[in-house]
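**Q** Put chain B on the given structure of chain A with help from the hints.
First to last, the protein sequences are chains A and B. This note's numbering applies: residue 113 is where the first sequence begins, and numbers increase by one. This note's numbering applies: residue 140 is where the second sequence begins, and numbers increase by one.
Please keep in mind that the hints were generated in silico from the structure rather than gathered at the bench. Just so we're clear, the structure is a prediction, and the values are computed from it rather than from any experiment. The beta-carbon is built from N, C-alpha and C at its ideal position, and this holds for glycine as well. There could be a bad hint or two in this list.
Stated by the list, open to error - One side only, chain B facing chain A, incomplete, derived with CB under 8 Å: (1) Leu144; (2) Asp148; (3) Pro149; (4) Arg174; (5) Tyr265; (6) Leu269; (7) Leu272; (8) Leu275; (9) Val277; (10) Gly280; (11) Arg283.
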Amino acid sequence: MTTWPFLVVFVVALGLTLLLTPASIALGKRLGIVDLPGGGDAIGEPSFASVAWRSFLRLPSLPCCQWRWISPVKTRWSSPG
Amino acid sequence: MALDLPRQDPLELTRLIGVLAGMGIIWVMGLLDDRYKLRPRLQFAGMLLAAIVAILCKVFIEVFNSPFSGAQIKVDWYLMVPITLAWLIGMTETVNMLDGVDGLATGVTAIASLVLFVHMLRLGQYSVALLPLALLGVCLGFLRYNFYPARIFLGGGAYVLGFALGALAIVAGAKVATALLVLWVPIVDVGWQVYSRWKRGQPISLGDRGHLQFRLQDMGWSAPRIAALYYGVTALLGAVALFSPSRTLKLAVLAGLAIAVLVGLYLLTRKMGDRTPTGT
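Chain A extracted, bound-state conformation (with noise of 0.2 Å):
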């Protein structure tokens, strides 16, 4: 059994992931979807980018859903339990 498929996987997956996480990261902050510590000890700050980005998009709500952001100058994220 030769070893280095098993390298070439590993390393390609965790090299992905670090570099695309960062830009994940800001695209997520963009558009305000980016999942922050919960439970009610996290209090997230709606960065102003965003909040002018969702404002651009005008985002419809859905009947089947409701947004997670509950006011759009402070926002407690809940925990995901």
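**A** Just chain B now, with coordinates in the frame of chain A:
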């Protein structure tokens, strides 16, 4: 999987497609849940759809070893389908509920992936072993940003990790006992939450801070300390799953740990009271 590794299973590609398709469906559902707050019914529908797609692609629990005698038990389709659905949805929810403390769900999934990887190598399932190895790489990469102080949390991504773990545990013959043992603490915790919410008439899908990790946090434990506790227990159980030849020992560990966690949660509930629902 054209990486010069021997294959044992002629249906490997079909099963791989099933795992990836299921993960894709779960990913879309998680993204929608992050963007909109999906109702529990819709979340469940997404998980159910992903699990059905996986089953249609031959990712199911058909044969497993009896924990008592070691004999192989083959189940018919009318048992196989509900068991597999419960397994995949249960694992998805279990990892999702862990995602509330910095690095917790990611680190635990990384350790579980490592255990599955080693287990598959020992069974000679070299080509399939690449899947948990890839999951391990992804988790370690994400942990760089998810560990304390976290810059990002998994959110809907926790569903993907949970589904991936559940599917990888059954993609090449059921390794349910190994996965159960490794994730036993969060599984027992989820069981306790379901029971206690039902008991006080709270919707089961309505989240609160009753989970063990949140109760420890409310007692003043730091996020790295909680993560270290979970990592240690998961690694220890993984070692037992991999290296203990005795089925009796594994069953004793499962039973003993379940009793310890349930007693701990009961005492914490008595001391701290029920947790206020958070509305999720």
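**Q** Take the hints in turn and mark each one as holding or not.
**A** These are the hints, each one checked on the structure:
Of the supplied interface hints, the one on Leu144 (chain B) holds, with its beta-carbon coming within about 6 Å of a beta-carbon of chain A, less than 8 Å. Annotation: interface hint on Asp148 (chain B) violated; nearest CB of chain A at approximately 17 Å, more than 8 Å. Interface restraint check: Pro149 (chain B) against chain A, minimum CB-CB distance 20 Å, threshold 8 Å, status violated. Restraint check, Arg174 (chain B) versus chain A: the minimum CB separation of about 5 Å is within 8 Å; hint holds.
At a threshold of 8 Å, the smallest CB-CB gap from Tyr265 (chain B) to chain A is about 6 Å, leaving the interface hint in force. With 8 Å as the threshold, the beta carbon of Leu269 (chain B) comes within range of chain A, its nearest partner Cβ sitting at about 5 Å, so the hint holds. Annotation: Leu272 (chain B) was flagged as interfacial toward chain A, and the flag holds, the nearest CB pair being 5 Å apart, inside 8 Å. Interface hint at Leu275 (chain B): satisfied, since its Cβ lies 7 Å from the closest Cβ of chain A, which is below the 8 Å cut-off.
For Val277 (chain B), the shortest C-beta to C-beta distance to chain A is roughly 5 Å, which falls under 8 Å, so the interface hint holds. Against a cut-off of 8 Å between C-beta atoms, the interface hint on Gly280 (chain B) holds, since the closest Cβ of chain A lies about 3 Å away. Annotation: interface hint on Arg283 (chain B) holds; nearest CB of chain A at approximately 6 Å, less than 8 Å.
Hint check: violations occur at hints 2 and 3; the rest are consistent with the structure.
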